[in-house]
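Q: Just so you know, the sequences run in chain order A and B.
According to the working numbering, the first sequence is numbered sequentially starting from 1.
According to the working numbering, the second sequence is numbered sequentially starting from 1001.
It cannot be assumed that every hint is accurate.
Stated by the list, open to error - One-sided and incomplete, this derived list gives chain A residues near chain B with beta-carbon spacing under 7 Å:
hint, residue
1, Leu-64
2, Leu-98
3, Asp-118
4, Ile-132
5, Ala-136
6, Tyr-140
7, Pro-141
8, Met-180
9, Leu-267
10, Val-268
11, Ala-274
12, Leu-277
Just so you know, these hints were derived from the structure itself, not from any lab.
Backbone N, C-alpha and C define an ideal beta-carbon position, used for all residues, glycine too.
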Amino acid sequence: MDTASLLIQVLNAVQYGLLLFLVASGLTLVFGIMGIINLAHGSFYMLGAYLAFVLTRATGSVLLAIALGVPLALAFGAALEWLLFARLYRRDHLEQVLLTYGLILIFEELRSLAVGDDVHAVPVPAVLSGSIALNATLSYPVYRIAISVVCLAIAAGLYLLIGRTRLGMMIRAGSHDRDMVQSLGIDIDVLYRIVFALGVALAALAGMLASPISSVFPGMGSQVLIVSFVVVVVGGIGSVWGAFLASLLVGFADTFGKVLLPEFAGLVVYGVMATALLVRPEGLFGKRTGA
Amino acid sequence: VSRKATRWGQLALCAALLAVPWFGSTFYTELAAKALVLSIFAMSLDLLVGISGLISFGHAAYFGVAAYAVAWLTPRFAPASLWIALPAATALAGLCALAIGSLALRTRGIYFIMVTLALAQMVYFVFHDTGIGGGSDGIYVNFRPDASLFGFKPFDLRDGRHLYYFIAVLALLTYLMLAQMLRSPFGRALMGIRGNEHRMQSLGYPTFRYKLAAFTLAGALAGVAGFLYAVLYGFVTPELMAWHQSGNVLLMVILGGMGTLIGAVMGALAFVGMQELFSNLTKHWQLMMGAVIVLAVIGLPGGIAQLPTRIRRALAPDGNRAAGDE
């Protein structure tokens, strides 16, 4: 492999890993703070991608579709939390698994009713449709670089939001001791609604960003959900920083797995997870607990 | 609704299931056979979820591996021997569960759910992407296993009724074995682990080994179900071990009520019934299934098995209810 094609694979790995981070960060936040395992998280990614497809068809521009889609996803997340997830906080994991499994079936069928089961393509936005020449024959599309930049900006924003703002302080406190936060006069219900809506919006945004490069297809939600689980397990549940590093690790493992071991491409990611479990069952970057 | 009534209800259910091949059409016999196969599958998961407190979201992997074993063991132009194929398929499923369990059981709680799902998905990809199982197309099983033993043929699985009763007997044996196990020291220890693992450890129980034994046994029993499924339908695909299958069997266990075994059976019957009912109504039957699941979680904690108790509570005068709750 020469330098230029190696560079292409590295850029692909980073781009895939960062996109994965957008999905996994929402999953790990919702679990870390609200204690909820959400199987329907992958559906938000799928809904985001289909939303990008529908809105692009209506408005003629992907960027406009994303600008409209993110507030819609936020509102959808807040409504869903209010309607269903708020009832799950004091239930056990089993009931959470079951309810969110039911939601997957509902979202998939609603998608099938609304848009059908076909695979759709979303055009790359015209402004970003060029590519950068790496050498005489190879070049790299600008849009993929743009995705990485946007994801990095969001990761930095998330880091600042959680580490440096008042809201972030409340979020950190809420993950530590729900009752204490509440008795200090902070409305934990509102806090949870914000976190959940944020998680939904991040997953939906990842779906929207991915739609021009991966196309839009029915099974995309469960595919990304299971890889996100791998990320969360490797990174340690509840740790956004761990999710970031694990996303990149999984991005590299998957991309280079496809190049080096094409026959076993689907398995490499799980191999990473199995290895991580053998070395550190609590996640490579998670806090060590007594258990 | 007294205990006696519940017992009569169970007997009536058994009688109804045994009568199906005589009164139902071929179609309904096959449907009831499918429900019984899924009952075995659901009971095997109940051993983990309801009895040991281990929420496995990857139970379809063992079901699917055993189904593939039938396809592998059946020669091209002849049936396999039942007495070799069934133990081999069961053992293979058990071995897979042993391997996955020894890794997944290093984690607990929510990690365990995610890890069992991810590892089962890995098995799915092995069958889907590589050549060992005919890829995503799956394999036909052209011959049902032959029950001949030393030249004597006690029954013939090619006959729909014989197959039905063979499945019914295996379902009953699974139930009796698990029910007996629940009363044994092993079963008590598993329930103790579900209640408080640390306490069981400090009492000297090697809890990891107990959990691994339960996980392996549950995988092997799921293998029995997978074996029967492949024999019943004569066709195996990677979808048998897809995560929707794991979700559905978990749904059966919870829908029926966990930890009771009979709840798992009722959950499997209810699931097959609903699937049949909804898919006759609309192509988008999963939407109705999803709605039922969401409403059941919100409105019916404890599952169908708790319904009689809940009705009794609701009918009882207020004074009795307070006394009953204490």
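Q: What are the numbers of the hints the structure violates, in ascending order?
A: 1, 3, 4, 5, 6, 7, 8, 10
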